[in-house]
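Engineer: As given, the protein sequences belong to chains A and H, one line each in that order.
The opening position of the first sequence corresponds to residue 1 in this note's numbering, with each subsequent residue numbered one higher.
The opening position of the second sequence corresponds to residue 1 in this note's numbering, with each subsequent residue numbered one higher.
Treat the hints with care, since some could be wrong.
Stated by the list, open to error - Some chain A residues flagged as far from chain H (calculated, every beta-carbon gap over 12 Å):
id : residue
1  : 3
2  : 9
3  : 18
4  : 52
5  : 60
6  : 107
7  : 111
8  : 114
What the hints assert, rightly or not - Now the stretches of chain A that chain H is said to cover, found in silico as 3 or more residues with beta-carbon under 8 Å:
id : segment
9  : 84–92
10 : 95–103
These are computed hints drawn from the structure, not numbers from a lab.
By construction, the Cβ of each residue, glycine as well, lies at the ideal position given by its N, Cα and C atoms.
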Amino acid sequence: MREQVVCKTTDLKPGDMKSSYFGKQNVLICRTLDGEFYAFLNQCTHQGAPLDKGMICGATTHTSTPGDYHYCRKGEIIRCPWHGREFDIKDDGRMLANPTKKLPSFKVRTEHDDVIIYK
Amino acid sequence: MSNSKIPLVDTDIHERVQYQEILEYLDEPFKHYIQNCHWMQEKHMPYTQPSVAGVDRADAVVPDGSPAGSDLAFMQEQLLDDIGHEFGILTSALDPSPSSMHGWHEMATALATAYNDWQIENWLEKDERLYGSVHIAAQDRDGAIKEIERVGSHPKMVQILLPIDDIMWGDPYYHPIFEAAEKHHLMIGMHHNEPPVYYGKWPRYFIEWHTLISTAHMKQVTNLIFNGVFDKFPNLGLMMIEGGYTWIPHLMWKMDQQYRDLRHEVPWLKRKPSDIFKNQIRVTTQPAEELTKKEFMSLIDQMGTDEILCFSTDYPHWDYDSPTRALPNLDPELKNKIYSENAKAFYPKLPNE
Ligand code: FES
């Protein structure tokens, strides 16, 4: 499979995500607040939870200091529905607590109102 | 997950009651206090569980919006059928948790009775894979024994549940409860509720509390062993539920070394603490520390037996362990023991052909 329409641009509001299929692979399509689309394998690298059942949210960042929370990156972080691991949508799906681990990702482009995953 | 071939005995599944469901099993005036006065059991934790959906897996909320764990049909679909459970042991959501109440023991005792009846009727008698835990209000010791006498002989009740909070259950005052357990071939299952792990208080962050839950488990094991419970009740077994498992060798070594020096104080102990542990204490795996196979095998070696660990999922909670992903890939014989045989050998009332 070289490419496939996985959903319509109107299926996802900024800050939302949904599952779809790219061939037989269950994929997660995410839309960040700036309107961009991203796609990852819809399976957590930890114990395999379905990521579309988690949430897109922001993160308390590493610029926080003890006793002082900094929360930003709204709409750019996927949190797993089970153990809560956080994956950075705009940083190739890297895990916040361990950036050497990342979600397998797919190339995405939009054409008219189609969201397309391609190789 | 659905192609898993493990004949799983899951030693920790949390069914959840909603207060309105328990009313029909409750006598007056207790029913009135819940129905009209909106009583709920006190909770103490100052934080939320900072995961996606609080204490639950975000995907375990029942499709009609009811809380995770409250619907048998959805539990069957998402857990029992999908994984292919052979047996599952229900341990409740500890809300209510009668033995955790700090007063009003009459209410606690009434709740335990109502909960047991609700559990039997709605879960144990509706799915043959599910086995249950007898709830008691242990502070009212004599009331607790009456409740054990009332439901303890139910064929699907396999253990008595005691919460890990701020009472040390090895105290001789509670020994008649263990005597009643032994009489009915029930084991003791201990699961933490809200143990104050920081010198009787709460740490600043949930992550600190959650890291140290195993210390609360270690306290209970130490307490029951040195108070002589296992020598006094040789057929009694204790299942320590949801504290992980890497603490086991540490505590065995520590207790054995202390026993060699200080046996004088606890002359009723007839065996080395580690031998008592190996014979009468079992530990559920979840939340599984992530070990490589080499690390895991070394830990088993340090325990001196591969018969202590029993797999548990903790469904439907956020720190659920997947039977196919949580532990390293083990050799078939050991896998069979941890996922099935150890629990079957432990619970006398669990079928074991
Ligand atoms: S399965 Fe995703 S964090 Fe564990």
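Engineer: Determine whether the non-interface label on residue 52 of chain A survives the test: each CB of chain H must be over 12 Å from its CB.
Structural biologist: Contrary to the label, residue 52 of chain A does not stay out of reach of chain H, its closest Cβ about 9 Å off (not over 12 Å).
Engineer: In terms of beta carbon proximity below 8 Å, does the segment 95–103 of chain A have 3 or more residues touching chain H?
Structural biologist: violated (count 0)
Engineer: Go check the segment 84–92 of chain A versus chain H for me, would you? Three or more residues, Cβ under 8 Å, otherwise it fails.
Structural biologist: violated (count 1)
Engineer: Would you say residue 60 of chain A is clear of chain H, with no C-beta pair closer than or equal to 12 Å?
Structural biologist: violated (9 Å)
Engineer: Report holds if the minimum CB distance from residue 18 of chain A to chain H is greater than 12 Å, and violated otherwise.
Structural biologist: holds (14 Å)
Engineer: Would residue 111 of chain A pass as off the interface with chain H, using Cβ distances and a cut of 12 Å?
Structural biologist: Given a closest Cβ separation of 32 Å, the condition holds.
Engineer: Is it correct that the beta-carbon of residue 9 of chain A has no partner in chain H closer than or equal to 12 Å?
Structural biologist: holds (26 Å)
Engineer: Say whether it holds or is violated: residue 114 of chain A keeps its Cβ farther than 12 Å from all Cβ of chain H.
Structural biologist: Per Cβ check, residue 114 of chain A is outside 12 Å of chain H; nearest 28 Å; holds.
Engineer: So is residue 107 of chain A really clear of chain H, every C-beta pair being over 12 Å apart?
Structural biologist: At about 27 Å from chain H, residue 107 of chain A clears the 12 Å cut-off, so the statement holds.
Engineer: Please confirm whether residue 3 of chain A is truly not at the interface, meaning its C-beta sits more than 12 Å away from all C-beta atoms of chain H.
Structural biologist: holds (29 Å)
Checked against the numbered hints above, the structure violates hints 4, 5, 9, 10; every other hint is satisfied.
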